[in-house]
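Peer 1: Using the hints, put the two chains back together into the complex; each one sits in its own frame.
Residue numbers (my numbering), protein chains in the order written: chain V, 1 to 165; chain H, 166 to 624.
No lab work stands behind these hints: they were computed from the structure. Note that beta-carbon positions come from the ideal geometry of N, C-alpha and C, so glycine has one too. Worth double-checking, as some hints may not be accurate.
What the hints assert, rightly or not - With the C-beta cut set under 10 Å, the calculated list includes, among others, these residues of chain H facing chain V:
(1) Leu180
(2) Tyr218
(3) Leu365
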Amino acid sequence: MNLFYFVAFLSIFFSLLVIFSKNPVYSVLFLIVTFFTFSVHYILLNAQFLAIVNFIVYMGAIMVLFLFVLMLLNLNKDTEPMKSSLLKIAGVVSGLCLLLTLVGAVKSLNVSEPLILKDPGIGLVKNLGKVLFNEFLLPFEVSSILLFSAMVGSVLLAKKDPKKI
Amino acid sequence: MSVLITISLLAILVLYLGLFKAKKALLPVSILGLLGALSLSFYEWGSYAQPIYNGMMLFDNFAAAFSGITILSTLLIFLLSKDYFERISSNIAEYYTVILFSLAGIIVMVSYHNLTMLFIGIEIMSVSLYILAGIKKRDFASNEAALKYFLMGAFSTGFLLFGIALLYGASGSFDLLEIRNYILSAPQEVSPLFYGGILLLIVGLCFKVGAAPFHFWAPDVYEGSPSLITAYMSTVVKTAGFAAFLRLFLFCFSPLSEFWSPVLVTLAALSLLIGNITAVYQQHFKRMLAYSSISHVGYMLFAVISLNGSSDTSIFVYAAAYSIASIMAFAALILLQRQVGTDSFDSFNGLARKNPFLALTLTVAMLSLAGIPLTAGFIGKFMMFTSALSTYHTYLVLFAVLNAAIGIFYYFRVIVAMYFKEADRHELIVSPYYRLVLGLSAAATILLGVYPELISRLI
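Extracted from the complex, chain H is given alone in its bound form (with noise of 0.2 Å):
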């Protein structure tokens, strides 16, 4: 609870530090306020946690890892954003206070333990994106990526709602205990209705992360908004996703699972094969990592599709590992449109000789994207896979594999392009924050791929 009130406080404050004109003061109380709710949210580790405020949330290990890592992804991306919202206009506060805003949703999202939680957390998540979609407002496509987003995101929201009252006129509660007893108290009667719930909630969570047939939105909001947005919407947006979806069907529907895992093998199946398949003809960086973002969906469905005891920790590592290759690949993304104005693939060339730090950054990144060993990519995909292979889903696996082999070739036309084409370029500058977080996060990747007991017995 704490770290939810320190987020939405800190939101107020950073919204009267624009009004006082204290600019300069904006990013250091950001970052300090959200290392304060890091340290708070790990504050009551291990403790046993009871749902609080009459069983409304709960704030037991699986909330607090959560909430940490979107939190050190949050900071991560602000220690992107300085110098990045000057560009786009005087009203840099505001940016700081919605994307707090939304942080606030997603802590939320993660310790839910009510449904009318979960729908206030996806919404206070989702309204805050789709204004940061919109925040370039003479960019058409920006414009155009957040009426997108919005007319979406609000028809998801009624599947998602749709099945949340088709779940309380099943069991008659929003409470999680309440439904699960409700299922464990008689598995052979449970009411249809209930079931016709859970499809529908399939269908709003699914549309919220992305995952394919209900992708259509993701690559033209991801390529219409802001870089620096989109890279927070493509981790922390989709890692708090992925952990409601978790918690839910980790807490109430497990014992479901017959009716609802051939549903979801087919969205993972479906999202690996349209991910990877349509990154493959992308000629621009940013599009490749929407339609690659689409494909990581896939993998992370995984963990929710093998329902056991280390689901959770093995969606945290792939989370991990995925938000902080993403961050690099986006910081690297937005010094190219800055500097070069394009991102399409041409426009590496040569950037190992100029920027031997960013190339080699941005190939730790591309390499724990696409899960080569040594990287902590690849102990998620592993986990992944053994998570998916210990409930016998082996032809899931196998296709799996095949549409990693997939992905390697995508990832490595950026490795290509910098290391082996030459092409006469200037230098790009990297101010010392991007180096910062570009050095943390190549760091942060080697090192959990070398020693993944790290973040691994977390929860």
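So that you can see chain V by itself, here it is in the shape it has in the complex (with noise of 0.2 Å):
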């Protein structure tokens, strides 16, 4: 439980540093030590697997993708226009709303006694596949329409047309 408490301090305090660090590359390098907290997350939750995809995907791929899109547009300076005051504290309004909104909700909520997992290897790759092509199959097999569609679309926008119009 005390290791919880620690890796969800962390989470939160290298989250808080994304947003308020002014260089951009600085705020990807959080990201990825943010992401790592999340990846203890999951080896706590017993998620074996998801915490090695987020670890190979989200810190390896996506980041490594992030920090050459910030390189290639040259954002490594602080350029980021000001925004007027009223955006300003309506965003933090908002933000606020929804803050107290999902802090009720938690704060009525009842501790529960502790959970013992009934399968331990409940996170395990076996596992997972079993739902995955037994009860999810569905679902899984229609996500290769939304792969696809997205695939024809980036070779669509990405392509250079051959003549002028």
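Peer 2: Okay, here's the thing in structure tokens:
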């Protein structure tokens, strides 16, 4: 339990640093650390597969992509234009409303008895695969349409037109 | 299920046709495929449907009716697409494919029985739309629309997903039936997380249908996208969004209506107010249609607010009327933009003298959107107001009637410009496809207005 609170503190701390650091490159680096703490959470929750995927895909692939985009666009100076104060106030108010709702919902929860997992191997790839190809087969297959459509679209948008219009 | 498979295969077939340079065959094949899907969607009509694939989807009459209307609207839009995409670039087959993929997502959205399917359906539809909004690669407005839509859409998806996660945390299942049983088993002891989940889902879905105050993306995206895609977004996509909305609330959340109905009443009133007031000040037809579509979202929310046995029918009739009328309006808009180059209200001056048919059908569309009797729009509004009154939302209906009066003002500006203002102009060339769509839609609007029994007993 203590370990959970420590990791949770680290997640919140680093995600705050992501927002507050002026330099986008630092932001991305802090985001990587945040994702690492998420991986630790997954392991604490006995979800080994998710932890590995989070580690490889998010921290590895997506973050490198972020860094590349930042470097290519040359955004590492703090060039963010100032937002009008009205927008800022509106953002703060709506963000606090959301926070209030969520905190209110969490506050009235009761602490449950410590759960003992019936199946300690529930987060392993084997069990995940069984659920995925049995109960959730249809969503798994239908998401192929999503990926295919995104693929066609990205080629469509990125391809150079041969003639000028 | 066969509808979903047909449409997905059709999309891939169209892609292959594009690969083999069979440009002439694209439109006929797509239209034939859609007709096939349309007949398949009504094939199992009235049979007692059961959830399939471990309760993932349920093709009941509700799903069939909404699949039918979305496929039909897509058909009309495809008919308008003759010679449209050729002007943008040479990748026509891909445009048809992406539209068909988004339609496949919409079929998932109207027939889900599990929240994972809802999420995947919404994502398939949205990802395709982000692409479609930006297909005019050299047009700055189109790029802006695509990027804005993408950022806003991704943001709202976060809300939706968080809401689904909270519902799962409280009820322990994604299945609509299980969630419903969870509420019914102990309505007083529903976990507070569940309420948070409902609120976040409302936010996410309202983003998708464009209800105020989550409408900020809508005007810019609608204006920047190519007009045909805007027609698709404001008709088919909106219908699908409401079908998903209603299915979830009708099936799962109806026992908790005391909790969420004040939220939705506020959203509906805001949508009506903001949509109508801002539409009055617009000088361009396309932007006016964008804002008026926000106000139509307000009317359609009435059916969700007053959940009863006829909510699905009233949303169905309203969505059908609104879609058909909007498609007519967008057809006229495309003709104007292409041949006059502008879509300000002044460009409609004197249209009735040169293009009596176009002016007549556009008048029917505007009357239907404004909700004048003897058109389908009136029947839709009438059913919405009746259902809201049946749950004693008197003030809301009063407010809506006032707003409908404002709506009449800006819809009639177009009619007045066409019939009563003189201007020297050339005759617009209306191709046979456009004539067909305009004529069919106008006939359907009046037919439904005079004899609404045709579809009002459908679900």
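Peer 1: Evaluate each hint against the coordinates.
Peer 2: Hints versus structure:
1. Leu180: holds (7 Å)
2. Tyr218: holds (4 Å)
3. Leu365: Hint holds; Leu365 (chain H) Cβ to chain V Cβ min 8 Å, cut 10 Å.
Checked against the numbered hints above, the structure breaks none of them.
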